[in-house]
Amino acid sequence: MQIDFIAILPEIILTVTALLVLAADLALRGDAKQFVNPLAGLGTVAAIIATVALWGSERVTFGTMYVVDDFAVLFKLLFLGTLLAILAISWRYIAEHRFFQGEYYFLLLTSFIGMLLMPSSRDLIMLFIALETVSVPAFVMVGMRKRDLYSSESALKFFLLGVLAAALMLFGMSMVYGFAGTTDLVGIAAAISGETASVPLLLGSVMLVLVGFGFKISAVPFHFWAPDTYSGAPMPVAAMLAVASKAAGFAGLVVVAFIAFEPVADVWGPMLGVLAVLTMTVGNLIALQQRDLIRLLAYSSVAQAGYILIPFGLARTGPGAAVVNAAAIEAVVFYLIAYAVMNVGAFAVAIAVERRTGLRSIADYAGLSGRSPLLAMGMTVFLLSLGGAPLTVGLWAKFAILEAIAVDITLFGIVLAGFLVVNSVIAFFYYLKVVRTVWMDEAPAGLPQLQPGFNLSAVVVVLMVGTLVLGVLPGLVTDFSSVISIVAAG
Amino acid sequence: MTGHDVVFVLVGLLTAGGAVLTVTSKNLMHAALFFAVTLGGIAGVFLPLAADFLALVQIVVYVGAVAVLFMFGLMLTRAPIGREALDGQNRGLAMAVAGGLFVVLSTLVIGAFGDLPTAEVTGPRIDDLGIAIFADWVLPFEVLSMLLLAALIGAIVLARRETGESGEELTVTRIEMAQDRDPDALEREQAALTSGSGGDGEEHA
Amino acid sequence: MLSEYLPVLLLFGLAVAFAVGSLVVSSLVGPRVPNPTKLAAYESGNIPLADVRNTRFSVKFYMVAMLFLIFDIEVVFIYPWAVVFRELGWFGLGQMALFIGILGVAFVYEIGRGGLEWD
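Residue numbers (this note's numbering), protein chains in the order written: chain U, 1 to 490; chain Y, 1 to 205; chain B, 1 to 119.
No lab work stands behind these hints, which were simulated from the structure alone. Warning: the hint list may mix true and false statements.
[Claimed, not checked] Derived coverage of chain B by chain Y (criterion: at least 3 residues anywhere in the stretch with Cβ under 8 angstroms from a Cβ of chain Y; other residues may be distant):
| no. | stretch |
| --- | --- |
| 1 | 14 to 20 |
| 2 | 36 to 44 |
| 3 | 61 to 74 |
| 4 | 103 to 109 |
Glycine included, C-beta positions come from ideal geometry on N, C-alpha and C.
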């Protein structure tokens with residue numbers, strides 16, 4: 001069997017890096033242990049280079065199980081970029097809080113290996129193992145603040161719900177296999193098109209598979225773990241869960257929904273659309289009442305997942321569906337890139353503030369503008385962008401969704417667009433509340449000046465510039481029509 | 001009814017009985033043992049379906065290792081494992097959910113596959129399985145090793161005695177406590193932070 | 001095909017019969033003269049100090065059980081591999097070497113961390 005090693009080079013590099021990190025942690029002692037971080041960073045940069053080299057090529061290997069096309073490469077770059085940012089914001093945080101450093105970075109890298117595999121997988125078993133490789137290290141990382149019972153509780157919740165979702169998904173997959181007789185995604189699409197598509201059990205199984213991903217992206221009936229887990233986890237882990245792990249869930253959802261289940265898109269499309277409405281509305285309404293910044297970001301990330309689900313609601317099957325589905329996928333990918341940039345930024349600022357003071361309620365951000373203008377600026381830009389203000393990438397992300405709706409206007413599409421607009425307005429209330437606290441309120445006495453370290457500052461500045469530059473020139477990344485190549489495969 | 005059917009029904013009843021007893025027994029230890037019976041019963045279900053290897057795996061991994069891990073888990077915790085351990089707050093709800101799921105799933109399964117003709121089961125031979133894993137599913141197999149490694153290291157990280165830092169043991173004795181996120185706790189944390197003393201403040205040092 | 005498992009079933013029946021039989025016979029035949037000392041938990045001749053049911057096991061047992069589980073799964077994959085070992089050739093050997101190698105890292109790690117030292 002011929003294996004295209006170039007196609008899996010990024011994954012190989014990350015694997016080797018993860019093992020090296022573990023070995024280095026065994027070898028190093030005391031303060032020297034923190035230098036496993038730059039080691040992991042080096043590996044990530046190497047993986048990024050290997051991934052960029054794959055751009056524009058179409059490689060299929062391991063039979064038809066593993067496909068590296070522009071869609072996959074874009075997702076991989078998104079994950080690796082996020083990994084780099086998370087490594088930068090983890091360094092001091094993890095070193096100071098005296099976690100098990102080597103193990104932390106090893107688990108982090110392993111989780112990202114799973115993410116890299118996700119958008120390339122074209123097989124149910126491969127998808128499942130990729131998803132578990134994302135989840136299992138995350139379960140442990142959430143519980144790493146072992147002295148804090150709160151952290152253990154959040155890890156337990158995350159684990160129990162995650163395992164339940166995985167079990168449901170596996171059950172659904174086994175049933176889909178029962179119908180299709182294959183685990184190959186394209187093969188499944190071929191097998192279930194036609195009359196079998198209307199069998200209730202098949203539709204139920206499809207739903208079960210989608211539920212597994214719904215948990216990963218914290219869509220509404222499956223979102224209960226998110227706020228508790230984000231606030232109990234070490235903060236860089238919360239950032240990872242909110243951004244990278246969620247993007248991985250969406251990558252898997254795109255692959256499985258638009259390739260394998262494309263023949264039944266008329267069923268899951270409206271269902272995911274309803275889920276989108278529920279997710280953004282519930283997320284935003286609860287976010288309005290939060291006083292803890294991390295919980296606010298958690299509910300805001302639930303709401304954002306709702307926005308990203310909207311294009312899935314547009315999916316359909318039959319003649320002319322390819323254009324609509326392609327536009328939907330394009331909107332999802334663009335929104336995820338924008339979301340990663342602004343949300344990692346928001347978490348970076350939160351980490352900078354919490355690291356010095358241990359404080360994280362919104363009231364503690366009062367007068368941040370005086371204590372650290374850079375962080376205040378960053379927080380403002382990121383939150384406004386999450387809300388979708390002009391001149392930020394957030395506006396264009398929402399615009400991309402509307403554009404996908406406009407490709408073929410239906411009543412359901414108009415309803416979705418209406419909910420998107422209303423929810424964006426609601427979201428501005430709580431984003432602006434934080435911004436007002438940062439700039440208008442008096443800083444309580446006794447809070448120290450904040451001087452974030454080089455890494456954190458660099459992350460905040462780079463992401464802030466990214467948010468604004470993309471906000472003015474969204475064309476820099478919106479022109480990737482090649483990512484929709486996966487539709488043709490289905 | 002053929003001999004296969006009889007065996008299947010008998011083993012199925014054993015499995016279902018074990019499962020019911022698992023959730024109804026008052027003593028957690030008994031529940032764990034009944035759970036082992038259920039797992040063994042599933043291995044028995046695989047046999048009439050001609051999945052010999054799967055039955056073997058089920059016994060080796062689930063009955064042999066997972067059930068044992070469960071019992072260790074019970075004995076490691078401070079939680080009471082006797083009669084008093086279980087409270088039935090959500091019993092009615094749980095029964096409703098489980099019963100509803102059973103009805104829905106069995107209706108769907110019978111609706112989908114009920115009228116298919118019966119056929120003699122011939123399962124895959126173990127060498128077919130070997131070829132399938134090592135020729136077709138190479139990538140998932142190798143990724144699995146990374147997944148297992150992460151799971152093991154994760155388990156060690158969570159189970160190891162708290163040393164504050166990987167490697168060396170700290171000499172300070174530390175009291176584990178829940179840090180509630182209420183304002184008082186924050187104030188206490190702040191106080192510990194500013195005075196710079198006390199073992200517990202270390203987390204924010 | 002199932003008939004191949006008849007001896008296994010017989011052995012099962014024999015085991016159950018023996019276990020139940022011993023209990024029944026000993027309860028029928030054995031003399032019963034209980035006294036408090038006989039009923040006490042055996043702790044090497046000392047008088048038990050506390051309720052033994054709620055004592056905790058050391059977490060070390062869990063670590064060993066965890067290691068066992070992982071290597072158990074590894075062994076499960078080795079069975080089908082061993083059956084088709086010749087057909088797979090060097091490619092199969094390389095795969096299995098990589099698989100065992102990566103899992104072996106866990107072993108090295110645990111020894112390096114002192115996880116198996118029973119102090």
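Against the structure, the hints come out as follows:
1. 14 to 20: violated (count 0)
2. 36 to 44: violated (count 0)
3. 61 to 74: Contact hint for the stretch 61 to 74 of chain B vs chain Y: holds, 12 residues under 8 angstroms.
4. 103 to 109: That given contact holds, which follows from 4 residues of the stretch 103 to 109 of chain B lying within Cβ reach (below 8 angstroms) of chain Y.
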